[in-house]
Amino acid sequence: MNSESYDEMVKKASPDSPLLKDCIRAFAVGGLICVIGQMLTNFALNYGLDEKSAATFTSVTLIVAASLLTGMGLYSKIGKFAGAGSVVPITGFSNSVTSPAVEFKKEGYILGLGSKIFIIAGPVILYGVLTSVIVGMVYYFAGR
Amino acid sequence: MAKLTGAETVVFSKPVSITATASTVGTKEGDGPLGKLFDRVLTDNMAGEETWEAAESAIVKDDLSILFEKSGVRPDFIIGGDLQNQCCGTNYGVKDIKIPTFGIFDACASFGEALALAAIMIDSGAAENVAAEVSSHFCSAERQFRFPLELGNQRPQTSTYTVTGAGAAMVSSADRPPYITAFTAGKITDYGVNDANNMGAAMAPAAAECISSHLRDTVRDAAYYDLIVTGDLGYVGKELLLQLLKKEGIDIADNHIDCGIEIFDKASQDTHSGGSGCACSAAVFAAMLYKRLRNGELKRILFVPTGALMSPTSIQEGKNILGTAYAVAVENEVIKWNI
Amino acid sequence: MEYLRAFAVGGLICVIGQILLDKTKLTSARILVLFVVAGCILGGLGWYDRLIDFAGAGAAVPLPGFGNLLARGVKEDIDTMGAMGILTGGLKAGAAGIAAAIISAFFMAMVFRPKEK
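Residue numbers (the working numbering), protein chains in the order written: chain A, 1 to 144; chain B, 1 to 339; chain C, 1 to 117.
Among the hints, a few may not be true.
What the hints assert, rightly or not - Calculated cross-link-like contacts (lysine-lysine; reagent style DSSO-like; alpha-carbon spacing at most 27 Å): (1) B/Lys336 <-> A/Lys12; (2) B/Lys3 <-> B/Lys336; (3) A/Lys12 <-> C/Lys92; (4) A/Lys11 <-> B/Lys247; (5) C/Lys23 <-> A/Lys21; (6) A/Lys80 <-> A/Lys116; (7) B/Lys319 <-> B/Lys291; (8) C/Lys25 <-> B/Lys319; (9) B/Lys299 <-> B/Lys246; (10) C/Lys115 <-> A/Lys77; (11) A/Lys52 <-> A/Lys80; (12) A/Lys116 <-> C/Lys92; (13) B/Lys266 <-> A/Lys21; (14) B/Lys61 <-> B/Lys98; (15) A/Lys80 <-> C/Lys115; (16) A/Lys80 <-> A/Lys11; (17) B/Lys95 <-> A/Lys106; (18) B/Lys3 <-> B/Lys319; (19) A/Lys77 <-> A/Lys106; (20) B/Lys14 <-> B/Lys246.
As the list claims (entries may be wrong) - If you want a taste of the chain C side facing chain B, the calculated C-beta under 8 Å gives, among others: (21) Leu21; (22) Lys23; (23) Ser28; (24) Pro114; (25) Lys115; (26) Glu116.
Unchecked claim - Residues from chain B that keep clear of chain A, each with C-beta distances beyond 10 Å, as calculated: (27) Pro33; (28) Ser65; (29) Lys319.
Rather than coming from a laboratory, the hints here were simulated on the basis of the structure. Glycine included, every Cβ here is placed at the ideal spot set by N, Cα and C.
Take these sequences, add in the hints, and give me the full structure.
Structure, rendered in structure tokens:
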């Protein structure tokens, strides 16, 4: 038996994820996190912050909240239920930073916590900044 | 004396007994369908230690002391393995016991390898008693092979759940059933599976090849065995195993069970394809299969721990996941082999 | 209405992520990278800001919003300081989010022990 025909067999034997159920949950939880974000933004705007500061306030609040939930071991439970619904919002980014920090502290402050804090955030920052530089070059040379 | 039969099978005509077994498992396994059968169920998977890795070693140490107590002997050697880097789970667990130890690695098939090597040592007269012992821990495995535990991600339906615990067996020259009568050593298989969330698919071909070699080498029918028990194929792997064997004209649908399916309740424990890890097959053997052999409910079984061979590096580098398996025949009487 | 739009658009962006998770072998780490990069490109084209105008936090809170923030920052810095802005804009705009995430993670690691799933 070659690996192509085995691959076929494997595909048939492997159950798919329950896509509809997963999507409904992701929609509900992801949407809810955004509504909380909107409430935070409105709160900040009412408080007299300008639009940019209100956006920053919203992100930072969500990030710290998600970080706390991660430390308490609750975010992984939300994630199990919500899937992408709690991965895609900025809270998912925060979770991806806090989870290795908590997990790898035992391996030391420098090469444990310090380096592994970036195992998922590192690539996000790298490729985000890389893309922004490319966007910037296009904007600088051609866009304006 | 042990004798090589066919291409890959070693048979024993002298009694090679398993005189006792011991099993220790984590909380989730304790809540599972076999919960009452284990010798010890942890109340805290950290086992009073500071790290998951240390917890696994503490489980190893505890489980071996249960084994020594139940068998009433201190073995001449320990053969042990686990999933942690460089066998640390085993080494830190046995360091205070001061018994010469062979550290082995065959991923989740390690218990099969340990039983096979122990049987050879007993048969050859190199030892009177050898402890075969393996362990795994959900948290140390998850951390090493996948993601931090607190990361909020979903596990795919094909994924298996690493069993927290240890299983051990005392292999002995004492003449008392059940006996290890033969084993078939696995060949490493590569069927092009590279999905680390589908270990059952990576291991099923190895189990199929090993079982079919065993039956061919020993000139036995699949129906000869009361049960053919694979280690941790899970639901996906079981399905594939049955299909692969059927293609070779071997039907084990009626007498096949998989330890990974037995140890958890899929519906209530959300374990997807089933349990996995070294301790999966070992703890189920120690807690359930051995007892059923002892009380005569089972007379002969073919115990086939299965292993998915890879490392975090090999996965990152995009290499395929390899499979292996050991088929160990455990029977209530000594067989006078003449094949 | 504002909340409804935020809910619907935010939820839909997550559903796209869920389909990618379930239908491809992409891990959640890859989804994070992909969404930030996608948001940055859409932001560079000026499209993402329109989505934010419509959905508010529904578009700003999901990770493409973070990518968009980087793109917006680069443009602003180029406008005020020229070519150097190509390098400074992205990280500067993302600074608050990144700093909040790593500093808060550091303190959580001080306080909490790892837990089982």
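Open item on the list: Holds or violated: the hint that C/Pro114 contacts chain B, with Cβ atoms closer than 8 Å.
Closed with: holds (6 Å)
- [ ] Could you grab the alpha-carbon distance between B/Lys61 and B/Lys98 and see if it respects the 27 Å cut-off?
- [x] holds (11 Å)
- [ ] Verify the proposed pairing of A/Lys80 with A/Lys116, using a straight-line Cα cut of 27 Å.
- [x] holds (22 Å)
Task: Cβ separation check - B/Pro33 to all of chain A, threshold 10 Å - done: For B/Pro33, whose nearest Cβ neighbour in chain A is about 21 Å away, the distance exceeds 10 Å, so it holds.
Open item on the list: Next pair to validate is B/Lys319 with B/Lys291; report whether the Cα-Cα distance is within 27 Å.
Closed with: Between B/Lys319 and B/Lys291 the Cα gap is close to 40 Å, so the pair fails against 27 Å, i.e. violated.
TODO: Take a quick look at whether B/Lys3 and B/Lys319 sit within 27 Å of each other, Cα to Cα.
DONE: violated (36 Å)
Task: Restraint check for C/Lys115 with A/Lys77, where alpha carbons must lie at most 27 Å apart - done: holds (11 Å)
- [ ] Assess, step by step, whether the Cα of A/Lys11 is no farther than 27 Å from the Cα of B/Lys247, and give holds or violated.
- [x] holds (17 Å)
- [ ] Measure nothing beyond the straight line between the CA atoms of A/Lys116 and C/Lys92; if it is 27 Å or shorter, mark the hint as holding.
- [x] Holds, because 23 Å separates the two Cα atoms, which is no more than 27 Å.
Task: Proposed interface contact between C/Lys115 and chain B, which counts if any beta carbon pair is under 8 Å - done: holds (7 Å)
Task: Minimum beta-carbon distance criterion (8 Å), C/Lys23 to chain B - done: violated (11 Å)
Open item on the list: So if I understand the rule, the pair passes when the alpha-carbon distance is 27 Å or less; does A/Lys77 with A/Lys106 pass?
Closed with: Holds, at roughly 23 Å.
The earlier numbered hints that this structure contradicts are 1, 3, 7, 11, 18, 20 and 22.
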